[in-house]
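2 protein chains.
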Amino acid sequence: MRDSLRELSVELDDRSYPIIIGQGLLGGYDLSPYVRGSQVMIVTNETVAPLYLESARACFPGKQVDVVVLPDGEKFKDWQTLNLIFDRLLENRHSRKTTLVALGGGVVGDMTGFAAASYQRGVPFIQIPTTLLSQVDSSVGGKTGINHPLGKNMIGAFHQPEVVLIDTDSLQTLLPREVSAGLAEVIKYGLIRDTDFLAWLEREMASLIDLDTKALSEAIYRSCACKAEVVAQDEREGGLRAILNLGHTFGHAIETFAGYGNWLHGEAVGTGMMMAADLSLRQGMIGEEGRDRVVRIVGRANLPGHAPVGMTPDDFLRLMAVDKKNVDGSLRLVLLRALGDAIVTEAVDMQKLNATLQVFCGDTSNEEA
Amino acid sequence: MRDSLRELSVELDDRSYPIIIGQGLLGGYDLSPYVRGSQVMIVTNETVAPLYLESARACFPGKQVDVVVLPDGEKFKDWQTLNLIFDRLLENRHSRKTTLVALGGGVVGDMTGFAAASYQRGVPFIQIPTTLLSQVDSSVGGKTGINHPLGKNMIGAFHQPEVVLIDTDSLQTLLPREVSAGLAEVIKYGLIRDTDFLAWLEREMASLIDLDTKALSEAIYRSCACKAEVVAQDEREGGLRAILNLGHTFGHAIETFAGYGNWLHGEAVGTGMMMAADLSLRQGMIGEEGRDRVVRIVGRANLPGHAPVGMTPDDFLRLMAVDKKNVDGSLRLVLLRALGDAIVTEAVDMQKLNATLQVFCGDTSNEEA
Numbered sequence: 001m002r003d004s005l006r007e008l009s010v011e012l013d014d015r016s017y018p019i020i021i022g023q024g025l026l027g028g029y030d031l032s033p034y035v036r037g038s039q040v041m042i043v044t045n046e047t048v049a050p051l052y053l054e055s056a057r058a059c060f061p062g063k064q065v066d067v068v069v070l071p072d073g074e075k076f077k078d079w080q081t082l083n084l085i086f087d088r089l090l091e092n093r094h095s096r097k098t099t100l101v102a103l104g105g106g107v108v109g110d111m112t113g114f115a116a117a118s119y120q121r122g123v124p125f126i127q128i129p130t131t132l133l134s135q136v137d138s139s140v141g142g143k144t145g146i147n148h149p150l151g152k153n154m155i156g157a158f159h160q161p162e163v164v165l166i167d168t169d170s171l172q173t174l175l176p177r178e179v180s181a182g183l184a185e186v187i188k189y190g191l192i193r194d195t196d197f198l199a200w201l202e203r204e205m206a207s208l209i210d211l212d213t214k215a216l217s218e219a220i221y222r223s224c225a226c227k228a229e230v231v232a233q234d235e236r237e238g239g240l241r242a243i244l245n246l247g248h249t250f251g252h253a254i255e256t257f258a259g260y261g262n263w264l265h266g267e268a269v270g271t272g273m274m275m276a277a278d279l280s281l282r283q284g285m286i287g288e289e290g291r292d293r294v295v296r297i298v299g300r301a302n303l304p305g306h307a308p309v310g311m312t313p314d315d316f317l318r319l320m321a322v323d324k325k326n327v328d329g330s331l332r333l334v335l336l337r338a339l340g341d342a343i344v345t346e347a348v349d350m351q352k353l354n355a356t357l358q359v360f361c362g363d364t365s366n367e368e369a
Numbered sequence: 001m002r003d004s005l006r007e008l009s010v011e012l013d014d015r016s017y018p019i020i021i022g023q024g025l026l027g028g029y030d031l032s033p034y035v036r037g038s039q040v041m042i043v044t045n046e047t048v049a050p051l052y053l054e055s056a057r058a059c060f061p062g063k064q065v066d067v068v069v070l071p072d073g074e075k076f077k078d079w080q081t082l083n084l085i086f087d088r089l090l091e092n093r094h095s096r097k098t099t100l101v102a103l104g105g106g107v108v109g110d111m112t113g114f115a116a117a118s119y120q121r122g123v124p125f126i127q128i129p130t131t132l133l134s135q136v137d138s139s140v141g142g143k144t145g146i147n148h149p150l151g152k153n154m155i156g157a158f159h160q161p162e163v164v165l166i167d168t169d170s171l172q173t174l175l176p177r178e179v180s181a182g183l184a185e186v187i188k189y190g191l192i193r194d195t196d197f198l199a200w201l202e203r204e205m206a207s208l209i210d211l212d213t214k215a216l217s218e219a220i221y222r223s224c225a226c227k228a229e230v231v232a233q234d235e236r237e238g239g240l241r242a243i244l245n246l247g248h249t250f251g252h253a254i255e256t257f258a259g260y261g262n263w264l265h266g267e268a269v270g271t272g273m274m275m276a277a278d279l280s281l282r283q284g285m286i287g288e289e290g291r292d293r294v295v296r297i298v299g300r301a302n303l304p305g306h307a308p309v310g311m312t313p314d315d316f317l318r319l320m321a322v323d324k325k326n327v328d329g330s331l332r333l334v335l336l337r338a339l340g341d342a343i344v345t346e347a348v349d350m351q352k353l354n355a356t357l358q359v360f361c362g363d364t365s366n367e368e369a
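Note that the protein sequences, when read in sequence, are chains A and B. Numbering-wise (UniProt numbering), the first sequence opens with residue 1 and increments by one. Numbering-wise (UniProt numbering), the second sequence opens with residue 1 and increments by one.
Keep in mind that the hints are not guaranteed to be accurate.
[Unchecked claim] Label-pair restraints from in silico Cβ distances: (1) A/24 x B/338: 56 to 62 Å; (2) B/75 x A/261: 32 to 38 Å; (3) B/58 x A/196: 54 to 60 Å; (4) B/305 x A/18: 53 to 59 Å; (5) B/234 x A/195: 45 to 51 Å.
[What the hints assert, rightly or not] Away from chain B, derived, C-beta distances all over 12 Å, residues of chain A: (6) 24; (7) 34; (8) 75; (9) 196; (10) 218; (11) 283; (12) 284; (13) 285; (14) 289; (15) 314; (16) 343; (17) 347.
Keep in mind the hints are simulated off the structure, nothing from the lab. Backbone N, C-alpha and C define an ideal beta-carbon position, used for all residues, glycine too.
Isolated chain A (complex conformation) (with noise of 0.2 Å):
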């Protein structure tokens, strides 16, 4: 069963942390060495409870271990869900020697771990990511944070976890568009930064679609690997680290505009990575070949390719304005100098931009090629 197993580590001083795969680690791998009180309060919702909540008690013997179960979904990645987490805090008199746990999926995490952050000005938590996309991303490097109604994560914290256990097993449940959203951002580690990974992406995507385990197990590897090393350079996005949002501004518009929890984010990311690949071609800094790979691997992985229906270029340019990457109103975006070398850029030809809009809000009338 742990034959499996793999760690590797996030470098960060004395806020290092483990990252732990393999398969069958929920109802047995002991965390209660990441556990420095008594206490523990596992965090979830209404969909991963039923399915891995006795698997993940089992992972603190010995600890008071109590539960607060929350809505699913993107819309409740708010601030009267995460009070809920608060409120049980407080009822069950956890000190600040508690440690927090969030098993689910990206909702989950960023919600517990901004619930951490802030509770008593900050405790300690832990990861037990259960999707495809919370395993390869958001459970990796201490972004954490709730959603306003006029911004995506626009209230939250940088909190590194204690460790981050991630049971690929857990994986096995997950409906095909969740494991499609995940491979969203799988992808994205190769575009930005690792051409022989997207290589192999190219080899092994029938595999992943198809969820076999060996072929899982080696993309969460490689995927957390990537994103360790970017998080260790720059924890708070001071730099390099933006490169990890390429598609994500173009996204973030996109589930903005459908309302939180209808595009799920991978999903988002997905056509958002398409946009910045057209765009990248336009502004003459990939090939159409390069950008015909990256339409490619993204609609192999069975991704949208094409912007929510009735959403225009004004849309996108009004949504666009407001993301957190936009420093003082100007807009920045990654794009692709080459494939495997992401940059993040002011210099956006806003002409070139419209006609990517265009084409992806299904106006063809301006498109180039």
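Got chain A; can you put chain B on it based on the hints?
What follows is chain B alone, placed relative to chain A:
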């Protein structure tokens, strides 16, 4: 006007910052060197805005200055009011290079600091405290947060300001009750660390109550110096910093019982310090003359010497149990080993604690003295 300008520093490596104390600073002192971007959001309340908002604006020449005016009072120190700050920041498209400015008392400072800690996962902020209590205590040290119905300051962050600007002239508009509340924290520094300062306060209390500028300036300087020293040694309250909570566990119980805002924080702390001194006597740590000296100096600051009407020892025990400072359910208190020498201890004799509670709740039947 600037003759009396004094400056000291809170030493926290790359998060060190100056505290600037003087007369007439609002309206004249240029704070723009402390603003990294082009945007500033002044957060203040309905009471302070008519008095000092325009003067505060003048401290940021050449910047885009936006304003949000909150309702006044501890009962508004909650998520709903905090969200007014986020709303305004997002409506006015403040980027992650914005700087927040807290203009007001402790509630404005704590909320603005937490908004700055959380907006886009952290932006800088500046403290311009306008009450004595916030000038000598809450504006220095980086504790920020909001209340929860089940406990005060339960949700928050450690987030240090860029600079603290203290204009002693702003004290002239305070109500006598607010001056007294501030003096409670001033007296605290004498009691926990500095008997020379305590003796000075015993001599100068009448001048302080009369708002003598020179005396106030000295009291603020010495209080801030004491706090800066403690915070520099223990930023996140792993040990030493806890002594700053002398009287606060009792005080928080009083505030919660009375309903936030009915007792001023400093009033509750004043009574709480008398209670801590009384318990210190009962536990054989200080003598009667020490206890009496505490009761006398707190009383001379016109602070209440009795728990709220109707509050019982059981109310205290119940409300003290959820205090943040009580790790894992055990009761920890700051007591006085001598005047000028505070310690944090879990060695609380419950019988003696009960005797103290009964005295301050008006039941003297069990009093030993």
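To see whether the hints hold, each was checked on the structure:
{"no.": "1", "hint": "A/24 x B/338: 56 to 62 Å", "result": "59 Å, holds"}
{"no.": "2", "hint": "B/75 x A/261: 32 to 38 Å", "result": "34 Å, holds"}
{"no.": "3", "hint": "B/58 x A/196: 54 to 60 Å", "result": "58 Å, holds"}
{"no.": "4", "hint": "B/305 x A/18: 53 to 59 Å", "result": "55 Å, holds"}
{"no.": "5", "hint": "B/234 x A/195: 45 to 51 Å", "result": "49 Å, holds"}
{"no.": "6", "hint": "24", "result": "33 Å, holds"}
{"no.": "7", "hint": "34", "result": "18 Å, holds"}
{"no.": "8", "hint": "75", "result": "17 Å, holds"}
{"no.": "9", "hint": "196", "result": "32 Å, holds"}
{"no.": "10", "hint": "218", "result": "31 Å, holds"}
{"no.": "11", "hint": "283", "result": "23 Å, holds"}
{"no.": "12", "hint": "284", "result": "28 Å, holds"}
{"no.": "13", "hint": "285", "result": "25 Å, holds"}
{"no.": "14", "hint": "289", "result": "36 Å, holds"}
{"no.": "15", "hint": "314", "result": "17 Å, holds"}
{"no.": "16", "hint": "343", "result": "19 Å, holds"}
{"no.": "17", "hint": "347", "result": "18 Å, holds"}
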